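Each chain is listed here by its residues.
2 protein chains.
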Amino acid sequence: MVANNRQNGDFHPSYLYNPELLVGLDWKSVQHSLKPSITNEDPGEDYFLVRPLRIDDYDKGFLQLIVQLTTVGDITKAQFEAQFLKMQKAGCYFVTVIEDIRHSKIIGSATLVTELKFIHQCGNRARLEDVVVNNTYRGKQLGKLIVLTVTLLAKKLECYKMSLDCKDPLIPFYKSLGYMLEPGNANTMILRYESKL
Amino acid sequence: MVANNRQNGDFHPSYLYNPELLVGLDWKSVQHSLKPSITNEDPGEDYFLVRPLRIDDYDKGFLQLIVQLTTVGDITKAQFEAQFLKMQKAGCYFVTVIEDIRHSKIIGSATLVTELKFIHQCGNRARLEDVVVNNTYRGKQLGKLIVLTVTLLAKKLECYKMSLDCKDPLIPFYKSLGYMLEPGNANTMILRYESKL
Chain F
245 MVANNRQNGD FHPSYLYNPE LLVGLDWKSV QHSLKPSITN EDPGEDYFLV
295 RPLRIDDYDK GFLQLIVQLT TVGDITKAQF EAQFLKMQKA GCYFVTVIED
345 IRHSKIIGSA TLVTELKFIH QCGNRARLED VVVNNTYRGK QLGKLIVLTV
395 TLLAKKLECY KMSLDCKDPL IPFYKSLGYM LEPGNANTMI LRYESKL
Chain X
245 MVANNRQNGD FHPSYLYNPE LLVGLDWKSV QHSLKPSITN EDPGEDYFLV
295 RPLRIDDYDK GFLQLIVQLT TVGDITKAQF EAQFLKMQKA GCYFVTVIED
345 IRHSKIIGSA TLVTELKFIH QCGNRARLED VVVNNTYRGK QLGKLIVLTV
395 TLLAKKLECY KMSLDCKDPL IPFYKSLGYM LEPGNANTMI LRYESKL
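Chains F and X, in that order, give the protein sequences. Following my numbering from start to finish, the first sequence increments by one per residue and tops out at 441. Following my numbering from start to finish, the second sequence increments by one per residue and tops out at 441.
Simulated from the structure, these hints should not be mistaken for laboratory data. Every value quoted in this text rests on a predicted model; they were computed, and no experiment measured them. C-beta atoms are modelled at their ideal positions from N, C-alpha and C, and glycine is treated no differently. Some clues are possibly wrong.
To give an idea of the interface, some chain X residues facing chain F are shown, with a C-beta separation under 10 Å as derived from the structure [unchecked claim]:
| no. | residue |
| --- | --- |
| 1 | Y259 |
| 2 | I310 |
| 3 | L313 |
| 4 | K361 |
| 5 | K399 |
As a list, the in silico PhoX-like pairs of lysine-lysine whose alpha-carbon atoms are at most 25 Å apart [unchecked claim]:
| no. | chain 1 | residue 1 | chain 2 | residue 2 |
| --- | --- | --- | --- | --- |
| 6 | F | K330 | X | K330 |
| 7 | X | K411 | F | K411 |
| 8 | F | K330 | X | K400 |
| 9 | X | K349 | X | K388 |
| 10 | F | K333 | X | K333 |
| 11 | X | K399 | X | K272 |
| 12 | X | K333 | F | K405 |
| 13 | F | K333 | X | K400 |
| 14 | F | K333 | X | K405 |
| 15 | F | K279 | F | K419 |
| 16 | F | K419 | F | K330 |
| 17 | X | K279 | X | K304 |
| 18 | F | K405 | X | K330 |
Extracted from the complex, chain F is given alone in its bound form:
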């Protein structure tokens, strides 16, 4: 198993997970998906930086970005930091962001969550969650870039599969990145409890 942040604590604790995990991902395997070819280490513009979420991203607009996904609510800096630290301690959260370093703004994010299993030889399953890119940055393949970054990270972490739930209009996008609707096995069902918001 590749070292993650629980097994290797010598990275800067401001990061949610070890940034070195993002070095040397297997971009060759997905090269056909991106034209022109970009990677997390060479994201197309020198002012884009792909990296793990940091605890100071509260001040870089992370919550203002993810509010495009759904209700976020009024989260204080202390609440954000407390949740960040819980995720960091758990070691299975790989929230990965794109920063526009010209403006110190988070403009894209995708979350990989890993799940321990007994099936598949005590394997790890991966999930893609909460994908969002600031829509003023269209045409730069940033959606593909952030999704493929965490998809390849899950591969590096030796997950046996990665899954996602999505709305109908996003099916072609994820198909273009290698995700499939498996015939007869592609249903997400949901039960919603009373909302807290």
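Once you've looked at the hints, dock chain X against the given chain F.
For chain X alone, kept in the frame of chain F given last:
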């Protein structure tokens, strides 16, 4: 937030999570789903026991049960125990089983996994995973019982929603328990990495 096993360490460490969490679940809210009415605390036969997974369930046929789901592989007792302890430490795994205490055999299992979010006011999402009941125990509503037990546990843990992925033939079963296919938002997509098995 209700205490879970990370916040309240005074239960027997052989359990994956605090068995007291299974006391007093809100069965009134789902009473219509079960005829006759059964609950995790009153499962219909006095030889059925609904409880958290225990570290000694390796010897009670837990792996022989979940092999009905998919490939499990050759897992030693030491590997099982190591994975159990990782899950216990993480605090987000609620593998819940039904034991037939006449035979000291695990005959049903369902897993609730909780996920920390920033969205929904730093909320908790719940997932249902790896549901299986020994098919020699048909007609006793044990599938419904184990699924509803973890569904109500997620409610107690204040999750804002619970979701599951399933094959087409299981849709009516989960509908009968309150899960829904949300129009336009019911797709599971999967990318499989090279199998380890």
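- If you draw a straight line from the CA of K333/F to the CA of K400/X, is it 25 Å or shorter? Answer holds: K333/F to K400/X is near 23 Å, not above 25 Å.
- Evaluation of the interface hint that places L313/X against chain F, nearest CB under 10 Å: 6 Å, holds
- Could you grab the alpha-carbon distance between K333/X and K405/F and see if it respects the 25 Å cut-off? Roughly 23 Å between the alpha carbons, so the hint for K333/X and K405/F holds.
- Task: Hold the hint about I310/X up to the distance rule: shortest CB distance to chain F must be less than 10 Å.
- Result: Holds, about 6 Å.
- Query: Given the hint that K330/F pairs with K330/X, does the C-alpha gap stay at or below 25 Å?
  - Reply: 16 Å, holds
- Query: Hey, does the K399/X contact hint survive, CB to chain F under 10 Å?
  - Reply: 5 Å, holds
- Under 10 Å, Cβ to Cβ, is where K361/X needs to be relative to chain F, so tell me if that hint holds or is violated. 7 Å, holds
- Task: Given the hint that K333/F pairs with K333/X, test it: the Cα-Cα distance must not exceed 25 Å.
- Result: 10 Å, holds
- Query: Is the straight-line distance between the alpha-carbon of K349/X and that of K388/X 25 Å or less?
  - Reply: Distance of about 19 Å is within 25 Å: holds.
- Task: Would you mind confirming whether the straight-line C-alpha gap from K405/F to K330/X stays at or under 25 Å?
- Result: Distance ~20 Å between K405/F and K330/X Cα, so the pair holds.
- Between K279/X and K304/X, does the CA-CA distance stay at or below 25 Å? 29 Å, violated
- Message: Holds or violated: K411/X and K411/F, Cα atoms, limit 25 Å.
- Response: Cα-Cα ~18 Å, so holds.
Hint violations for this structure: numbers 1, 16 and 17, all remaining hints satisfied.
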